[in-house]
Structure formats: structure tokens, C-alpha cells
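With chain D fixed as given, assemble chain H with the ligands onto it according to the hints.
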Amino acid sequence: MALSRQIFDTVIVGGGGSGLRAALQLAEAGHHVAVFSKVFPTRSHTVAAQGGIGASLGNMQEDHWLWHMYDTIKGSDYLGDQDAIEFMCRKAAEVVYELEHFGMPFDRNPDGTIYQRPFGGHSQNFGERPVQRACAAADRTGHAMLHTLYQRNVRAHCQFFVEWMALDLIRDYEGVVVGIVALEMETGQVVIFQAKSTILATGGAGRIYHSSTNAFINTGDGLGMAARAGVPLEDMEFWQFHPTGVAGAGVLITEGVRGEGGILLNSEGERFMERYAPTMKDLASRDVVSRGIDQEIKEGRGVGPEKDHVLLKLDHLGAEVINKRLPGIREIALKFANVDPIREPIPVVPTCHYQMGGIPTNYYGQVVAPRGALGTSEVIPGLYAIGECACVSVHGANRLGTNSLLDLLVFGKSAGDHLCEWLKTNPQHRDLPHDAADRSMERLSRLDGAQSGENITEVAQAMRRTVQHHAGVFRTGTLLREGVEKIREVAKRARNTAIKDKSRVFNTARIEALELENLVIVAEATLVAAEARTESRGAQAREDFKDRDDKNWLKHSLWYMEGSRLDYKPVNLQPLTVESFEPKVRVY
Amino acid sequence: MKFSIYRYNPEKDDKPYMQDYEVELQHGDRMLLDAILRIKAMDDSLGLRKSCREGVCGSDGMNINGRNGLACITPLKDLKEPVILRPLPGLPVIRDLIVDMSQFFKQYHSIKPYLVNDNPPPQKERLQSPEDREELNGLYECVLCACCSTSCPSFWWNPDKFVGPAALLQAYRFIADTRDDATSERLDNLEDPYRLFRCHTIMNCADVCPKGLNPTEAIGKIKEQMVKRMV
Ligand SMILES: Cc1cc2nc3c(=O)[nH]c(=O)nc-3n(C[C@H](O)[C@H](O)[C@H](O)COP(=O)(O)OP(=O)(O)OC[C@H]3O[C@@H](n4cnc5c(N)ncnc54)[C@H](O)[C@@H]3O)c2cc1C
Ligand code: SF4
Ligand code: SF4
Ligand code: FES
Chain D
1 MALSRQIFDT VIVGGGGSGL RAALQLAEAG HHVAVFSKVF PTRSHTVAAQ
51 GGIGASLGNM QEDHWLWHMY DTIKGSDYLG DQDAIEFMCR KAAEVVYELE
101 HFGMPFDRNP DGTIYQRPFG GHSQNFGERP VQRACAAADR TGHAMLHTLY
151 QRNVRAHCQF FVEWMALDLI RDYEGVVVGI VALEMETGQV VIFQAKSTIL
201 ATGGAGRIYH SSTNAFINTG DGLGMAARAG VPLEDMEFWQ FHPTGVAGAG
251 VLITEGVRGE GGILLNSEGE RFMERYAPTM KDLASRDVVS RGIDQEIKEG
301 RGVGPEKDHV LLKLDHLGAE VINKRLPGIR EIALKFANVD PIREPIPVVP
351 TCHYQMGGIP TNYYGQVVAP RGALGTSEVI PGLYAIGECA CVSVHGANRL
401 GTNSLLDLLV FGKSAGDHLC EWLKTNPQHR DLPHDAADRS MERLSRLDGA
451 QSGENITEVA QAMRRTVQHH AGVFRTGTLL REGVEKIREV AKRARNTAIK
501 DKSRVFNTAR IEALELENLV IVAEATLVAA EARTESRGAQ AREDFKDRDD
551 KNWLKHSLWY MEGSRLDYKP VNLQPLTVES FEPKVRVY
Chain H
589 MKFSIYRYNP EKDDKPYMQD YEVELQHGDR MLLDAILRIK AMDDSLGLRK
639 SCREGVCGSD GMNINGRNGL ACITPLKDLK EPVILRPLPG LPVIRDLIVD
689 MSQFFKQYHS IKPYLVNDNP PPQKERLQSP EDREELNGLY ECVLCACCST
739 SCPSFWWNPD KFVGPAALLQ AYRFIADTRD DATSERLDNL EDPYRLFRCH
789 TIMNCADVCP KGLNPTEAIG KIKEQMVKRM V
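Protein chains in written order, with our numbering: chain D, 1 to 588; chain H, 589 to 819.
Bound conformation, chain D alone (with noise of 0.2 Å):
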């Protein structure tokens, strides 16, 4: 069946911050772009960012670059690339005054300046004292953000397919990139998208875990058009775990709430942080006390009819305390746990927040793979990613608060200007390989054709809770290769799901058929390469390998989804300009 096609210089897979950086980019230099969102681009996971961007102005007290720098690399476990780090800490403050000049409403200080608020890890002179870094408009940062740039590309008339769903990259023969297959939801066709080059912005994947701060369209759609079309994904084993969402819900409740005295109770009602941090307790670091909850629930200490999570008790404050500091915290309890925190505890679970790996680039934003037994990275030609989709890597083993929201801009504008000058060199479209579309047709037409299978809620289900339990907070070898066998039995029914609704039109039981392929990619490659990280660094904490191995793993791990095979690159320690932070035990 031919298809239509049209053509592009640039398509863009996602309209949420990373996406629409870089389409501004290209828009404004007058190119032929068109960006692609599974929903209206303002709709994108970027509107729920709360907290703010990092960036050293120095509007509150003296901030340096180089200070974020460090902060940056100490928080990545000194997993992160030292060149895509100090890239990205330089053009902080650029890229903050630019959203600023595009409309941003920052909060203010009285002197007229943007307002930053202090967040966890970042310091004033190398670890020395808080510094107040983040950029803040209120609570509401993320939403700012992606509402302004939106704008601003209404006013540069870039083209949006808005509630068209990417299915494949298509690769030529010489493995160049040369566009997308896309579907339109509204009617269900589908089309073939001829591009000099593809940029995939489609966010993270946090949905691959049964409780997850994350919306229901991040289902890492990019990543598996990337592991499909023979790209490796980088780092998968590192996901950053947020210790108080609502259980169930996933939405988050402060580390404040801990700091006003709240304390954190299993289902004996023992307050069970003493025994892991006997001088910190409640108030240990986000990784401990995410820690120290799961083995809680893994040892059959949790509460609830699934023993699935641990309560946050904080009546004891009482109700005048609660209103005055908490009002925001009682409102979310109220509404998504149906509890009044100053009568009832309000049920709690570490909750899957942040993917740190991704689709491997450099800091321009091309994507690059190893080519060959050497391991020397190679770009591929006529593809990008940026934003959560992509590890680049400034966020190693665990990020940074705020330093996603500055990777969105940093990195978007990055791609975007480093494509306005590869387009003037590469004029011509290349010919699309006649097999164009096939695997897209096939996955559809092996939907459309399925008249029974596997039930997409169950395997999706199954799939999450694999995740959860097998590859959360805390693991062990034992957890991680029961973990990996599973998944493979879930990617197994994920291949053979069938829905009952086979129309055209809008339909959306379709979309997560295919989004649930594409996030059982996700989810094997983190077990795996999650199974085989013999250390605990950053996120990634194992029972049976407590510390910090730099002589054996401080390298980036790549899976290849063709065998579900694992390779390694090198850690970049040699920064742009200054001089390398060599690893160092991490202590704040």
C-alpha cells in the first residue's frame, strides 16, 4: 500500500520544552520544521515541573559557573560527561535571560531581577554553604516555561502535528536517518515524514514503574524508536526515585512536610528510619530514606491490602501548624489520598520521578553510537535527541533538582543551532529506502489482525509491577535477574496483545498498545543493564555491591535491544576549558 509523505528539513518528535527550544531555534532561522506532539504541545510532561531552573546569576548572593559545575558532577557520582557539563553550566544564565526576553513570568526579587529560590546540592564555592540558584515563577515553573515557548513559536509560525503519534525512525541503507512514519490520531493514518533530519524530544519513560510522578503519555516512545531502528540506550539502569508521592496517585508531597516534624511509620507503627539513620532518621538524604522505605515493604512491613507502601504521620503537629505551614500538602492529601492529614497519616511510597539515561548524544545534540570493537563513538548521521529522552550525559547516576528544566533549553537551542548550520551543508533530501514504513506497517497490521491475545491493562500492569519490585530504590542480584526473566515474559505477551476496538478514528486503545511496546523496551533495558552494574552509585543502589566502584564501572553502559546485549563507553572527565573534577567520595 503506498503512503502518503511529505517533507520537512527538520522533524521534530515532541512539543514539550526540549522540543519547542529547538524548533524556535530552527523556525527563527526560517527552516522548514514541523514538530510532532502526542498532545497539544502545552499539554507536554514539562507543565507539571514545579521547583525551578538552575542557573548561577547571582541575583541573591555571589554564584559562578563553575560552582554549578561542580555541584553537577558531584550530584552525577561522577558518572556525567565533564564537556556536556560545563557546556551546559556556561550557557545557563544565557538561556534563563533568553526564556525571560521570550515572556517567562520569573517571580521577582524587589531590585527587579529574577527570583531564585535554594534547592538541594547546589552550593556556593565547591560544597562551602547553600546557595540560592533555582529560577523560580512560584510552583509553577515547568508550566511557565512550556506555556512561554509554545508562544513564542505560535509567533515564529512553526508547524505543529498536534495529536500525531510517532511510530519509527526510518534509517537508509547507510544507516543515515531520513525521517519518520507518523500516525494522526483523529483519523488513523498513517504517513511517511521525509526529513534531511529527525530530532527526538519525546520525554521520559517513568510510566514503566507502577508508581511514578510521571503522565500517562511518558511511555519513552523515543527511546523505543531509537532501540528499534539498532541505537543503544545509555545509563538505562539510573531512574531518581522522589521518597513521599501519594501512593497510588504518584503526585508528590514535600520533603517539608519531614522537615516540620513529620515522621515516616511502617505497618507496626514503628518509626522505622531510626534503625537506617539513627542520627538523621526522617530527615536523612532522598536516597536513604527511599531506601529505607522499600526494604521496609520488601521485608512485609508495608501497609495497605497489597502491603505496598508506608504512611507519613504528621498529626502530631497539630492543625494550626498543618493549615499555617503545610496548606498546599493538606489540599493534596485531601484530594488524591482522602485523608485529612491532621487526623490520619497519609500513605506513601518512593515514587519513580526522573530517567536519567537515554538515547546517547554529544552536546550538540547529535546522536552517537559506538561503531566497531573499539568503541569510538560515532555520530549517526541525520538524527538528534535532546531533553529526558536523551543522555547526554550531564545528569549521570543521579540529577541534580533544576538541572532538567536548564538541559531542556540548553540542549534544545544546542540542536537547534547546530542543525541551522549542518542544513547549509547538507542541502539535498536523501532517497528514501523502499522498506520505508514496513515495521511500522507491521506492528499496526499485527494489531489490526489480532482477533484475541494478551489484554493491554494486564500486561501493563504486570510490566509495572515487575519494575517496581525488581528494579526499584534498592536491589540486589538475586531481585535483578528474577526482575530480568520476568520482563522477558511480559515482553513476550506485549508482542502478542490484541484489542477489541479496530477503528480508525481516534483510537486509543491502539495508541497504548504501541506505547506499551515501546515502554517494555524501556523496562528490559533497565533490568538488564541494572543486573549487571556490580556497584551502588547514585540511583543505583545494590545490597550485594554497597560501594562505589570507579575501577570497574565508572562507564556508561549501552543495551542494544538486538540480543539484548550490553556494551560500555568511557566516562568523558576531561571538561571543555578547565580542569577535570577527579571522583571523589561523595559526602554532604
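Don't take every hint at face value.
[Claimed, not checked] What follows is a set of in silico ranges between Cβ atoms, one per label pair, in the way DEER data are often shown: (1) D:SER4 to H:ASP776: 37 to 43 Å; (2) D:ASP544 to H:ASP720: 56 to 62 Å; (3) H:ASP631 to D:PHE126: 39 to 45 Å; (4) D:GLU274 to H:ASP688: 53 to 59 Å; (5) D:PRO433 to H:TYR605: 30 to 36 Å.
[Claimed, not checked] List of simulated lysine to aspartate or glutamate pairs, DMTMM-like, C-alpha gap at most 25 Å: (6) H:LYS712 to D:GLU62; (7) D:LYS502 to H:GLU599; (8) D:LYS555 to D:GLU378; (9) H:LYS590 to H:GLU612; (10) H:LYS700 to H:GLU773; (11) D:LYS546 to D:GLU562; (12) H:LYS809 to D:ASP107; (13) D:LYS500 to H:ASP601; (14) D:LYS313 to H:ASP617; (15) D:LYS91 to D:GLU186; (16) H:LYS811 to H:ASP688; (17) H:LYS694 to D:GLU186; (18) H:LYS799 to D:ASP340; (19) D:LYS307 to H:GLU612; (20) D:LYS492 to H:ASP617; (21) H:LYS665 to D:GLU62; (22) D:LYS335 to H:ASP617; (23) H:LYS665 to D:ASP107.
Hint data in this document are derived by calculation from the structure and do not stem from the laboratory. All C-beta atoms, glycine included, are put in the ideal place defined by N, C-alpha and C.
For chain H with the ligands alone, kept in the frame of chain D given last:
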């Protein structure tokens, strides 16, 4: 829990109909969206939009027992049974609870929803006082869910000519921004018997906004500015 949901699939149905569902809620189901997803697990053909599930993305606006709202932040315990769900009124239905929002976004785009300031920007940020910044509160938080515009009778009758409360709220968001230089063009753009003046201050919009915003008040302030510049 009992539901009665508007169903329409243009490929199969001559006309829309209401379908009854009964669903057993489970531990942890609190919001309307949770219940709808249980229904969808039984009947995968039910169409709706959803994303953030915490009231910030604006995807799941629908008419719930006669009132527009976001399903993900509408508590089940407040709803009378059977819960009657319909698509947002006044916009063409694509399928089930999914409406065609083109007209809504066209109006949003028509107010030039971006900062206009042609002076070369300074090296750092443009300065703005905290008081001037406060003027944007209650305006910039809009999630473009269309709950307001689709409960406005004036928008139902003239969706192509009347800008509607959501887009007017955004028009005022830029008029109110001290960094924006285009106030008079923005007012010109609205000076028309329909675009702004079809609002008869019926207040449905402010009443229904799930984010607690008040388009009526913003519309009032635009009208004030128009009067001011006439004298
Ligand atoms: C609750 C919460 C709070 C946060 N707070 C902060 C914070 O304060 N500071 C900070 O720095 N970071 C924060 N983060 C992290 C940060 O918000 C995200 O990492 C970032 O917004 C991701 O942006 P993105 O552009 O990569 O992707 P997204 O914003 O997720 O956008 C992805 C886009 O890709 C599109 N897409 C996906 N798949 C397809 C497909 N197949 N076809 C077409 N389109 C597709 C989607 O429609 C969407 O437009 C927070 C995250 C969460 C969840
Ligand atoms: S106040 Fe104006 S905009 Fe709001 S509902 Fe009434 S007529 Fe519509
Ligand atoms: S003003 Fe309120 S109801 Fe109207 S679109 Fe914005 S958030 Fe929705
Ligand atoms: S799903 Fe985002 S507002 Fe309801």
C-alpha cells in the same frame, strides 16, 4: 458506581447515544478519571483524552453531571449517580468524550498570545517589580482546558467570532504585562461588536474554571482599558 456516558463513533454510529456502565471501584480510586480508566479497561473503545492526572495539563475537560470540569481532579465522592458524562458542549465531537478543539485554539492564537517588545533586550533580564509581576497572577496559570469557553453561551452561538473567556483571559495576561509594548494593538484587535463585546457577564466561565481563575474579571479590565483610551 453507575455511569451514563455519551458515546459516538462516526465510523459506526448514525447518531450519538448514552451508554450505561457499572464499575466496581477499587482501593485508591478517588478521582473521576480513576473510575473512567476502570471502565476503559473493560471497554477499550471508550475514547477520552488524558495525561498529567493532576490537573495541570488541561487534557480531560468534560461535562460532568451538567458541569464542565477536569476528570482527574473531580472527586468521585462528590458525584451524584448515575454520573452523566458528556463531551464539552458546543464543540464538534470527534469521538465519545473527545471534542475538536480547533476553534478554541484558533481564538487563542488570534489574540497574539506572546510577548511583543521590539526593543533590543538588555544583556541580562528585563527588570520588572514584584508588584508588576503580581498583576500576572490569576492569568498565566490557565491550562487551556476550555471548560470556561465551552460553558459560555456567547461562545456556543458565535465560536468563530467571539474570542471566548479563555483567550480573553490570555489577551489580558499580555496587556497586564509591563514588559509588553503592544497594548494598543491588542485593544484594536478586540474592538469589534463580537470579539470582546459578546460577553454579557453571565459569569459561567469564572464559576466553572477548575483552576479557580476569573475570566469575567479580566474581560472587565479589558473593557475598562478600552473606555479609558476613548476619553
Ligand atoms: C512532577 C515533576 C516535577 C518536576 N520538577 C522539575 C523542576 O522543578 N526542575 C527541573 O529541572 N526538572 C523538573 N522535573 C523534570 C522535568 O520537568 C522533565 O525532565 C522535563 O520537563 C522533560 O521535558 P522534555 O522536553 O524532555 O519532555 P516532555 O515535556 O515530557 O515532552 C515530551 C513530548 O514528546 C511528545 N511525544 C512523546 N512520544 C511521542 C510520539 N511517539 N510521537 C509524537 N510525540 C511524542 C509528547 O507529546 C510531548 O510533547 C520534574 C518532573 C516531574 C514529573
Ligand atoms: S462572563 Fe462573558 S465570557 Fe464568561 S461565560 Fe459569561 S458571557 Fe461568557
Ligand atoms: S481559564 Fe480556567 S477554565 Fe478557562 S481554559 Fe483556562 S484553566 Fe480552563
Ligand atoms: S489529565 Fe491533565 S488536567 Fe486532567
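Taking each numbered hint in turn, which are not upheld by the structure, reported in ascending numerical order?
-> 3, 5, 11, 15, 16, 20, 21, 23
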